[in-house]
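**Q** Protein sequences appear in the order of chains A and B.
To convert, note that position 99 of the first sequence is 98 in numbering that gives the first Met the number 0; the numbers rise steadily by one, no gaps.
To convert, note that position 385 of the second sequence is 384 in numbering that gives the first Met the number 0; the numbers rise steadily by one, no gaps.
If you are wondering where the hints come from, they were derived from the structure by calculation, not from laboratory data.
Since we're looking at a predicted model, the values are computed, not measured.
No residue lacks a Cβ here, since even glycine has one placed at the ideal position from N, Cα and C.
Any given hint could be a false lead.
Stated by the list, open to error - Mimicking PhoX-like on lysine-lysine, the simulated pairs with C-alpha atoms at most 20 Å apart in a straight line are:
1. A/268 to A/374
2. B/371 to A/10
3. B/433 to A/433
4. A/433 to B/371
Said to hold, decoys possible - Between beta-carbon pairs, the in silico distance windows are:
5. A/345 to B/53: 49 to 59 Å
6. B/96 to A/323: 45 to 55 Å
7. B/286 to A/475: 49 to 59 Å
8. A/290 to B/197: 34 to 44 Å
9. B/213 to A/48: 51 to 61 Å
10. B/370 to A/204: 54 to 64 Å
11. A/26 to B/286: 41 to 51 Å
12. A/185 to B/213: 55 to 65 Å
13. B/286 to A/476: 32 to 42 Å
2 protein chains.
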Amino acid sequence: MKSIIEIIQQKQWIGWLLFIFTIFVVFLIGLFGASIMERRSEEKLAFQLVKPINDWEPRNEVWGENFPREFETYKSTFDTTFASKYGGSAKRDLLEDSPEAVILWAGYAFSRQYNQARGHYHAVEDIQNTLRTGVPQPATCWTCKSTDVPRLMNKMGVKEFYKSKWSELGHEVTNNIGCQDCHDTKTMNLRITRPSLLEALQRNGKDINNITHQEMRSYVCAQCHVEYYFKGKEEKYLTFPWDKGFSVEAMEEYYDENAHTDWEHKLSKAKMLKAQHPDYEMFATGIHFERGLSCADCHMPYKSEGGVKFTNHKIQSPLNDVASSCGVCHRENEETLIKNVNDRQDKIRELRVQAEKSLFQLHIETKTAWEKGAKEEEMKPILKFIRHAQWRWDFVSATNGSGFHSPIEAARILGSSIQKSQEGRILLARILAKYGITEEIQMPDIYTKEKAQKFIGLKMDSLQTVKNDFLNNTVVNWNKTKKNY
Amino acid sequence: MKSIIEIIQQKQWIGWLLFIFTIFVVFLIGLFGASIMERRSEEKLAFQLVKPINDWEPRNEVWGENFPREFETYKSTFDTTFASKYGGSAKRDLLEDSPEAVILWAGYAFSRQYNQARGHYHAVEDIQNTLRTGVPQPATCWTCKSTDVPRLMNKMGVKEFYKSKWSELGHEVTNNIGCQDCHDTKTMNLRITRPSLLEALQRNGKDINNITHQEMRSYVCAQCHVEYYFKGKEEKYLTFPWDKGFSVEAMEEYYDENAHTDWEHKLSKAKMLKAQHPDYEMFATGIHFERGLSCADCHMPYKSEGGVKFTNHKIQSPLNDVASSCGVCHRENEETLIKNVNDRQDKIRELRVQAEKSLFQLHIETKTAWEKGAKEEEMKPILKFIRHAQWRWDFVSATNGSGFHSPIEAARILGSSIQKSQEGRILLARILAKYGITEEIQMPDIYTKEKAQKFIGLKMDSLQTVKNDFLNNTVVNWNKTKKNY
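Given only the sequences and the hints, what does the whole structure look like? Please build it.
**A** Rendered as structure tokens:
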């Protein structure tokens, strides 16, 4: 028998076969490399606008003709089904969930109606419909609701815009939060269209010309998802209270020094602060921010469709799309990750409910003290405890994510809220004793939304009638005179 | 000129070269594969004992002759330099850090002396030296200090061991926490030598024959790093209060139902609970546990020396060896990771200090109420608030890791501690008012350890004298009659 060596020696074709095989493999590697390079270059691919987009173009559908995938996903924020342990859909009635909150907001419009926010697609409709609007209010309230705002600010001037009445601009504000709020009309680069954020950053010494793209992926959200207030009785100038930093204490100090008050509490007479939704500030204290993530990383994860990679513009809870958002970094399965989020939120919720209860008792006991003849001077420290304790509770409650964005910070804040409201109650017990009350104050039965609203003297029927009139007249007129930009 | 094809056709040696090259590459891959297989089989490598180890062998150095690397690292627990933001070395005086704690423990030995624990290598020496021992106390206190304990339990019987006096066994207990506490003398497998853990697991329906190796890497620690108490006035039977679960609430309920009290508070007369160090229970609520980690993963990371991979037996803070512990999973640099730990601990510390302050005020105010003639009946709910609020504070304070093992749970617990002690103070303000006190109770100046100890009537000089006598007589005698096993 011939040895294998002899066969190879005799048959040159084996050598040839090896040679051809090598060439083939190298060819495949080349193909593979080219594919990688192509994917890299995709990122830098310039786009060509099918239809030009004018400056200040507010109509999302016009942008959408150029960017069908982004627009389609944006449009699906119409869908308001959220993944959440506590209720599966948006427009959940948060006052029904926590009737104590009605008491905490007595004298303020939030006690009338407070529903979980729906997607961006519903922004204009929802602000028209809520029982919190209709009362004379500044145009500043439109700022975060519509792509018409940058256009109007450009036309009217920023100061003039804020100074106007909300009701005056209804016919001009028709397009929901969308494309041009965050994108440049020509380059599609992310941009900041709301002056309040730029002003706050500048006041804090941030070089706004040196903002990275990754920072922008949070800053465009931070145009609205922040703590803010309307500065000046007339000016109503939208301002972020960030001048001393943006911890809960730093903003409280800012408000205190500027003697800012959102409303006087109807029962306790305390000068209250309403936290808006300091989502960005809270997120910035959490581990995901510290690891360099942006809002968009979790709320607008990348998506692939027909080989095209794009940003999913269905801004929503990452729990609705764990695989694309959490799954990029976390290797655990979806069920585990959702459980982890729920566990955190449960613990924060426990503290929040406790803080809520203490505040409720504090307001009622303070009301009793006034009724018994307590003096302004002796009540001063108590009113301060109320203001600070409720600010802390609201800071966490009003923030999206139920504490998930920074659970330890949320717990720390709620712990200090409990400490402060209970401290107020201790002082109060001493004052009440001076006025002859040494027994526990009986808490009123406010354990449904309706009972709570009745207790603080809200006439919900007439509020609803006024609202209906407003919708049937003012809003109908707005729609008639609606400007088709 | 000849084409390259012609050259190859003519020169058979090129074909040969390719062939030989292929063989060479395959050979290299083979070598590489073998290396992988070898590393895998390392894990299963049986060891050979150089010197046999007898049953119940307590002397760590005897084990050490067989396992020099493990022994050397174990021995280095002699080194007590810890990485910590709040003080860089062990034996830190925790009462100096928090003089309020002296008040919180008034009437209990912890108010005398409470130093940060040092490494396992110092266990016997430290329990002899602390001012907390010397008073008549059960032998149960030895249980977690020495490798002589399993030997003694085997000799005397478990019940008899617990029933004995601490001072009777001093000459028998000489070897520090070490090898045989966790290892089988023959197989070196991890094993549980302390009955209390096995009993607790069995009472909870855990099949103790089906414990995984990874579970064991935590359970061997959970023999001691847990919440426990001495059950029975005479029996002093070491028991884990886990029958209702091991959350802070479940154990509190257990203690309440069993009417267990560690001591009556000297100032407030409340029936107190002392949390031991529920490290395992706290860890079990945290994310690292949830991701399947064991104590050993972070506190005893693997180490390589001369190609041999072994478990580092220098049990210590992972912050001392971030690269080997955290670095296995976390890709961030050491500085970042230490900052992350410190940030968490800072927030927990803030809540802890707040909880401490409220408890301090509560004890002092309760003392005043008693002095003013308050009745047992009206004080009952307050004493309950004290018991529960301090149990919660202590549960977090006494636990190693300053809350890091489960920061959200720690914050939740501290938040509820604050709520409860402040609730007690509210009730108390009403009671005090009945007895004519409507002004704030002035807090005594206890803001150094010495002042605090003086305030609660501790005579530190005479305690130290008694201790010195004890060390010079009893302990000297122990050493004379020391049994060399």
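**Q** Now look at each hint and say whether the structure bears it out.
**A** Structure-based check of each hint:
With a C-alpha separation of about 12 Å, the suggested pair residue 268 of chain A and residue 374 of chain A falls inside the 20 Å cut-off, and the hint holds. A C-alpha spacing of about 113 Å is found between residue 371 of chain B and residue 10 of chain A, which places the hinted pair above 20 Å, so the restraint is violated. Distance check on the hinted pair: residue 433 of chain B and residue 433 of chain A sit about 10 Å apart at the alpha-carbon level, within 20 Å; holds. Between residue 433 of chain A and residue 371 of chain B, the direct Cα distance comes to roughly 18 Å. Compliance with the 20 Å bound is thereby established for this hinted pair.
Between residue 345 of chain A and residue 53 of chain B, the C-beta spacing of about 51 Å keeps the proposed range 49 to 59 Å intact. Taken as a hint, the range 45 to 55 Å holds for the pair residue 96 of chain B and residue 323 of chain A, whose Cβ atoms sit roughly 47 Å apart. Checked against the hint of 49 to 59 Å, the pair residue 286 of chain B and residue 475 of chain A passes, with Cβ atoms roughly 53 Å apart. At roughly 41 Å, the beta-carbon separation of residue 290 of chain A and residue 197 of chain B lies within the given 34 to 44 Å, and the hint holds.
Taking the beta carbon of each, residue 213 of chain B and residue 48 of chain A are about 57 Å apart, inside 51 to 61 Å as hinted. In this structure, residue 370 of chain B and residue 204 of chain A meet the distance hint of 54 to 64 Å, their C-beta atoms being roughly 56 Å apart. Hint check: residue 26 of chain A to residue 286 of chain B, Cβ distance near 48 Å, so the stated range 41 to 51 Å holds. Here the CB-CB span from residue 185 of chain A to residue 213 of chain B is close to 57 Å, well matched to the stated 55 to 65 Å.
For residue 286 of chain B and residue 476 of chain A, the Cβ-Cβ distance of about 55 Å falls outside the hinted range of 32 to 42 Å, so the restraint is violated.
Violated hints, listed in ascending order, are 2 and 13; each of the other numbered hints is respected by the structure.
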